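There are 4 protein chains.
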Amino acid sequence: MPNNIYTDLAMEARELHPELRGVVEEKDERPGITISRIKVETEEAAKEIGKQIGTYVTLDAPDLLCRPLDLFEELSKALSDELKAMLKDLKKDATVLVVGLGNRSITPDSLGPAVAELVYVTRHITEFLPDALPGPVRSVCSAAPGVLGVTGIETMEVVRGITEHVKPDLIIAIDSLASRRAARISTTLQITDAGISPGSGVGNTRAGLNKDTFGVPVIAIGVPLVVYASTISQDTISLIADETGLHRDEERLKELAEKVISEKIGTLIVTPKDIDTIVKDMSRILADGINLALFDASYDEIRMLVA
Amino acid sequence: MPNNIYTDLAMEARELHPELRGVVEEKDERPGITISRIKVETEEAAKEIGKQIGTYVTLDAPDLLCRPLDLFEELSKALSDELKAMLKDLKKDATVLVVGLGNRSITPDSLGPAVAELVYVTRHITEFLPDALPGPVRSVCSAAPGVLGVTGIETMEVVRGITEHVKPDLIIAIDSLASRRAARISTTLQITDAGISPGSGVGNTRAGLNKDTFGVPVIAIGVPLVVYASTISQDTISLIADETGLHRDEERLKELAEKVISEKIGTLIVTPKDIDTIVKDMSRILADGINLALFDASYDEIRMLVA
Amino acid sequence: MPNNIYTDLAMEARELHPELRGVVEEKDERPGITISRIKVETEEAAKEIGKQIGTYVTLDAPDLLCRPLDLFEELSKALSDELKAMLKDLKKDATVLVVGLGNRSITPDSLGPAVAELVYVTRHITEFLPDALPGPVRSVCSAAPGVLGVTGIETMEVVRGITEHVKPDLIIAIDSLASRRAARISTTLQITDAGISPGSGVGNTRAGLNKDTFGVPVIAIGVPLVVYASTISQDTISLIADETGLHRDEERLKELAEKVISEKIGTLIVTPKDIDTIVKDMSRILADGINLALFDASYDEIRMLVA
Amino acid sequence: MPNNIYTDLAMEARELHPELRGVVEEKDERPGITISRIKVETEEAAKEIGKQIGTYVTLDAPDLLCRPLDLFEELSKALSDELKAMLKDLKKDATVLVVGLGNRSITPDSLGPAVAELVYVTRHITEFLPDALPGPVRSVCSAAPGVLGVTGIETMEVVRGITEHVKPDLIIAIDSLASRRAARISTTLQITDAGISPGSGVGNTRAGLNKDTFGVPVIAIGVPLVVYASTISQDTISLIADETGLHRDEERLKELAEKVISEKIGTLIVTPKDIDTIVKDMSRILADGINLALFDASYDEIRMLVA
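Residue numbers (my numbering), protein chains in the order written: chain A, 56 to 362; chain B, 56 to 362; chain C, 56 to 362; chain D, 56 to 362.
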């Protein structure tokens, strides 16, 4: 298949390059959850696979579609465990900034702001009223910077302005992702220590949110919530090609794909019909997982923190 | 193409049976809007095309995607004119019940309840305080009966219970539709005097909302807001078949289609990413059009009615 | 004090008539909750106190303001226990209709519709798919009929239309109440087997939702969420009168009250600034309590029912 | 009356000090709107009246309660005219930052974020795609920094971070205010070139958003949306005192006031029952007025800008 197909998920990029050197993959299991940990180790591999050097953990929980609450809890705990492994060197008195990226007025894009609102913040107490606390508590704060089209300000300018004042030791960024497979929507989440980097085609390095650009570790958590309608079409063509032997005629295939997509589908970005529920559930799961990882508390206590 | 493909739009059903007898089509134009008026005249045609006997008017406004407010106004006026033509025999003192079908918690399904809320209601004044009115005013009321999964009551039971008390002379029902073409979402609306009838495959005649089942004229207004992901796939295969001559091998084509759909897409129902804005705009346009048709007022006055 | 002050709470009406014959009061305690059970036993008492004959249970949980989740659980369980006591004669196979009264677009009035949406409904399964159930399950359904100003249809007409089709054996009606004391907002709920009856001043007996008008038991659950600004003013004047001995001059007092209220306050109905959170919490507590009472399940299972 | 009563409105503060030197007041009229322009000219007057030196314009439109759309338009135009007078020295190519203060999850506190979202932003085009514009267009951007309790970051830290990157020539800040008179809620708005300054009692000068602290002109626009329940009580007592001659006994009056307030009302902040509609209307009116003042366009064109 052409490698110009874009995906936000390292796992999907990996599937397109299964034999690539410089990429190490490890599988793991938890009740109801398949864990994939992919390490992109070399610049060559990074370039080929279209992802930055770093670790990409994917949690896949297909049964989430049925909304069993015990799987919600297990997924929050799995997220917490993966986060803890990534931030094991973080000092007790470190300040953590949770950044919720996206547009809160567009439901599938509102995951970041929703999580930012549910994260338990303490910085205003640790900073100004430390004596009100029983002991050392992690200093956590949050921001939802909005999007360029609504604010007229580049998201990263806003984040940079805030970080210059807050001076966090770690940034956790939450974002909605685009998946190549509709089935992954609402059942998958990706955690990476590579931060968020703009696609190579965009050529706008200022837009990145990662250790290089911000000087502190950046962990990005993303959930695939949209799929380009054109990928559904491309997948169909690809499968037909495999089945009919048509793939030998690649040029014509590409022409067909372009024709179908432009005529019938356009640049449509689609999302499942029940996206309202999915975003509500997923923001709950992510916030619980982050709160669990940052504070020394049980799942039940964490649930109470934000009512 | 196989005629088992489901669509709520008579125009799309017609496209699949362009030569069918007993179906008459008329085209018309307004600034920015293409109007198609399809009459299904015989039982044979109705059966073949999968639609009840009646008139189906489609208003298509592709530029609506750019959200020009003058097109909003033109579309409301076009809707009003088509409605007025359909209800020209309605008496001055008739009571009209506007029923907003759908689930208000699922954005692409919330068009009906949203319109019901924006329709200007007068029945409580015409009925109980007629002297408060300067002259005869159309008696209008509305209901949003909810959906079976949320209430445990069949929608039509609720509507029937209300109509037995309100005794309307006309019912206008609003619903979200499924389209076969993603491009139609948010740019098309259908008005029909055939009411809403369940698909022939469902075999549940109680579920219909039409003159036969309710004893009064029922005008249904629908907007395509979702598309089955499988139709995107089917469209792709269909186009490939045309281009490659593969359509001669129909059995294999169907097998392929089923394989692609079940593996990659499942029963996913998708909706555009910006569905929140689309539903907000469309409910505004529909409510304005209905208010214009039912009350003797200008567009500006109508806009003021519901602030 | 003048007895023309309106309150929806029997407990407050009782406070204004502490010595009245024909009214029996019983107090009880649960962790964090004070329970008052008032029985209005005679027509004379009913008339004097402005409430129908029946039992009125008030649950008062002042600490709820701090939102401790264990008190949420305790309050849901207390509500469930009081409900179970009231519906102890209800047959296993009885059908229960939960009616959420109020306007969902006005936050302090949206409690009823919110609870109706959170109640677990089963009637569509017990009625149409009984074999899908492991054993006998209570048949529960819900409705949110809207309000006259939005629908043009009297609420009770809609409820009557639905009950004629659903034929429930019990109706549970949820509504927002007006309190005479601002402090009661968000910390109190009232359960009564007297249903909902219009104030004597309204003179519209059709508007009642009770056993007399609907032929089946009606349990009403209400939460005070608004307070008339004039009651704050009246309370102030009343206290001043007590303190200054001014109450001997009642006529002048009333004039003053009227002057203050009309000049400074008008007919303003006020609600706490954080009403969004209060309604969200209270609808959760009520729905959990109702689900607990109607289904044979634990609190944790009930919480999972509606995610 | 004691001068410790807090109000955000200069007009109300002025009413408490009608004879104060160093304060100049001018009245004006527009259809349906009373305009008051108060200039606080000296430090002494500023201290006495509890407001910074500057101009405070109040627009009062009592009929707004009935929601006549032509008054919406008139009020937006009046706001625009007052704004234009204040920013008459602003250069054509100046950058304007609109800051929406408040908590978007608490309805009466969500005016600022709502306006920020409705303001038409152009900075991303003027900055990065100037050639896409037909001619010089005002560079406008917006931010909704959130509140300390939700983000853990002081609002002004966020605003400062953003301004250091955006380098605006003018800041327009939008905020909900507290009024001393419930009747003013939803019918009044205040515009001031004094920016936003914390109450003298707070003693936290960093929290101010004004020319001194940010180095650029700051225009603040506020709408009274909440009232302290205690002010209703205090007003009542004050009126009683006037009527009964009790005001000679001031100590006892204060004791009574404190007693009534703490016993019956607490620290309750109240808002009208229909606050959802009020905030929606007011954010529309403010955004239209700001867009009118900043862009060279008609009211109808402005209405189209944000659909």
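Take these hints with a grain of salt, some might be off.
It does not matter which identical chain is meant; a pair holds if it fits inside one copy or across any two.
[Claimed, not checked] BS3-like, lysine-lysine: derived pairs with alpha carbons at most 30 Å apart: (1) K314 to K132; (2) K82 to K314; (3) K102 to K335; (4) K102 to K146; (5) K335 to K132; (6) K147 to K102; (7) K139 to K314; (8) K222 to K82; (9) K266 to K222; (10) K94 to K314; (11) K222 to K314; (12) K314 to K146; (13) K314 to K266; (14) K314 to K147; (15) K102 to K132; (16) K143 to K314.
These are computed hints drawn from the structure, not numbers from a lab. Small disclaimer: the values here were computed from a predicted structure and weren't measured.
Among the hints numbered above, which are violated by the structure, and what are their numbers in rising order?
-> Numbers 1, 3, 4, 6, 7, 8, 10, 11, 12, 13, 14, 15 and 16, in rising order.
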